[in-house]
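Engineer: Kindly generate the complete structure, drawing on both the sequences and the hints.
For the record, the sequence lines run as chains A and B. Just add 489 to the spot in the first sequence (first one is 1) and you have our numbering. Just add 472 to the spot in the second sequence (first one is 1) and you have our numbering.
These aren't lab readings, by the way, just hints derived from the structure by calculation. All figures in this text were calculated on a predicted structure; none of them were measured in a lab. All residues carry an ideal CB built from backbone N, CA and C; glycine is no exception. Possibly wrong hints are sitting among the right ones.
To be verified - With beta-carbon atoms standing in for the labels, derived distance ranges:
#	chain 1	residue 1	chain 2	residue 2	range
1	B	Glu682	A	Phe517	28 to 36 Å
2	A	Leu622	B	Lys861	44 to 52 Å
3	B	Ser748	A	Arg594	55 to 63 Å
4	A	Leu607	B	Glu857	44 to 52 Å
5	B	Asn681	A	Ile615	54 to 62 Å
6	B	Gln868	A	Leu607	57 to 65 Å
7	A	Gly506	B	Asp779	45 to 53 Å
8	A	Ile518	B	Thr664	30 to 38 Å
9	A	Ile511	B	Gln830	34 to 42 Å
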Amino acid sequence: MNTLDSSYFNWLKSAVGIAFKIVILAVFIFPFLWMISTSLQTFRETLAFPPTWIPAVPQWGNFAEAMRAGPFLTYAKNSLIITVSIIVIQFAVMIPAAYAFAKYRFALKNVLFGLVLLAFMIPGQITFIPVYLMMADMDLIHTLWPQIIPFMSNAFGIFLLRQYFMQIPEEIIEAARLDNAGEWKLVRKIMIPMAKPALATIALFSFVSHWNEYFWPLVMTNSASIRPLTLGISMLRETEGISNWHIIMAGNVVLVIPILIVYLFCSKQIVKAFVYSGIK
Amino acid sequence: MKNKGVLLLTLTLVLGLLAGCGGGSGGGNAGSGAKGDPASANSAGTADAAASGGKTTVQFWHSLGGKNGEYMDALIQRFNESHNDIEVVGTYQGGYDETVTKLQQAVASDTAPDVTMLERAYVQMFADSEVLEDLAPYLKGSGISADDFTAGLMGHSYFNDQLVSLPLNRSTPILHVNKTLLDEQGLKVPTTWEELKNAANALVVKEGNEYKRYGLTMPYDTWYPIAMISQSGGRFFNEESTSVGFVDNGVGQEVFGYLKELQGTGALYYPPAQDSGNIVNSMFVEGKVGMMFQSTGSIGGLSSSVDFDYVTAFLPKNDQFANPTGGANVAMLAGSKNKEAAWEFIRWMETDPQGGLQFILQSGYLPFTKQMVESAEMKELWAKEPNRKVAYDQLQYAVDTNMDVAWPEVMHEFFSAIEAIMYDSKDIAATLDTFKKEAERILAE
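Structural biologist: Written out as structure tokens, the structure is:
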């Protein structure tokens, strides 16, 4: 009797678990399905009420039409340059900074770390005007720099990585030092491999947020040649009147694909890193 | 070893790309000896004349995306093809509000364009900061009279007797009607509030507790209540711009009372704020609502997607016909260094048959000069699409009573009042009273 009860209970528990997962999955996947569905509809189908789910004839031409609406190759190139540069520069700044905060003792360490955290809490909407004026002063408004320079340091990344580095036992570092490993080698051979999950997470977050950035590039750029994909896609929208949602969504699908690729790559890395790292 | 190589490679690649793109970003007009030298190419956008053989570059900012953006690009291209000495660079700067934000920071940092599109309600604010050029002398110099423009669209053009902007892509709210549905019920297109109420109620289809069809709808916007306020003899701001002109005289109570009454019987569907314009458009196209207050900007899209008899009509009158106007004007920045060329672009866009006229014919915005209205092309279009003519004819009743430097700020308060009344069914009198006090506080500043 008792065993029957508990197996029934276990079954119920896992069923409820699965049901919850399905609900959450549905909530997250719904906007994507909606986007893909709309991107393949005709103009008339996008206006239908109740909404169309499966387009009668998939309109693959919507993608071509979206891409023809502006210099999308330039936008894509800009997005790629901006995002990759930001990530590379952030890693170059973040790893030494996090290492120093985690493993060194120096004057004003806590105050400096506090400043890093402070930077992490200030939203871009507050700083964009002074930053724009500064960039205009330096005559950089016609370049991609205003979209890169303000993001060279990633406060959230430094914070997360520092926590990770702090968990790495002092003994491992001592042992490496005894073997005459220099600081650079130490970081490269010990700190970075052990913090792989954190690095992959930070890279993913950083990529997604800068790839999707809309407000900052809008206020920092005045010409089409230095704008990223997000602005190109927002240009598909009508200011007044009826927007061509099927075209806008086709543009959005194109915008999202790189994120999915990076996500697939990064999520694998995260899992791998968890499996191989000796600690935990 | 391998990792280091990859890192180095990536860095080189990124830096190479950066350098390459820095050179390219100066844009197509830097064809001179600037190649491969990012510093000189970067400044090509601003200091232009010398580099490109005596061509003056005019920067023009606009807010048109989608199809209308393409029509605007075509207009700019036509201008450039017909002018050897001027190159207009048109750039989309986001929606109307985003363009305003960008203009504010650009003026402060001396990176503003020469010519800009400006949503009409913001003209006063910029003119008050003295950043817009007075166009009257230019107009005179080109032998154009202010009377050549459509009178109903000139409301936002003047500030302290200066002509600070000219109409460009202008629209107005209008009544869109599913005539097939009205005919089924034996109803005629309403011309008064009373008829509108009867028709809207007659169109309601209710099954159980669910409305299958509504009579009337309108987007969540200040435009429509303001139209109804002026139809009832009120003004949004009073003549002196010290307070609002529709609370103490009971007009506000009448307008919102009317809307709430219709909402209560399903005669009015008031959409959720987010994306309200799209929601009402699709409901109208699908026949889920019979009539709609909506911008003239929707006529083109609706005509091409409805499968019923679709007509437009004047917004019904209460005491009188009245309607506000919307859309954007064009203005010249006082800080421009190329004013002659900038004016030539504005003049050409406003008056040349190859300029604004083509854009208006394509986009469906309202014709803004008498010359346009009388052109053979416009007459031909109106014969084919009488719905567009109705929009223009309604301009004889155009009146804008929300013109004030403080409007953008008061607007937010008015939105809150609309939300309180339409969504939360708060007491109308109390809500409007609070709104009036807030508006007076803002106007007194």
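Engineer: All hints are to be evaluated individually against the structure, with a verdict given for each.
Structural biologist: Now for the hints, and whether the structure bears them out:
1. B/Glu682 with A/Phe517: 28 to 36 Å: holds (30 Å)
2. A/Leu622 with B/Lys861: 44 to 52 Å: holds (48 Å)
3. B/Ser748 with A/Arg594: 55 to 63 Å: holds (59 Å)
4. A/Leu607 with B/Glu857: 44 to 52 Å: The hint (44 to 52 Å, Cβ to Cβ) is violated, given that A/Leu607 and B/Glu857 are roughly 59 Å apart.
5. B/Asn681 with A/Ile615: 54 to 62 Å: violated (48 Å)
6. B/Gln868 with A/Leu607: 57 to 65 Å: holds (59 Å)
7. A/Gly506 with B/Asp779: 45 to 53 Å: holds (48 Å)
8. A/Ile518 with B/Thr664: 30 to 38 Å: violated (50 Å)
9. A/Ile511 with B/Gln830: 34 to 42 Å: violated (54 Å)
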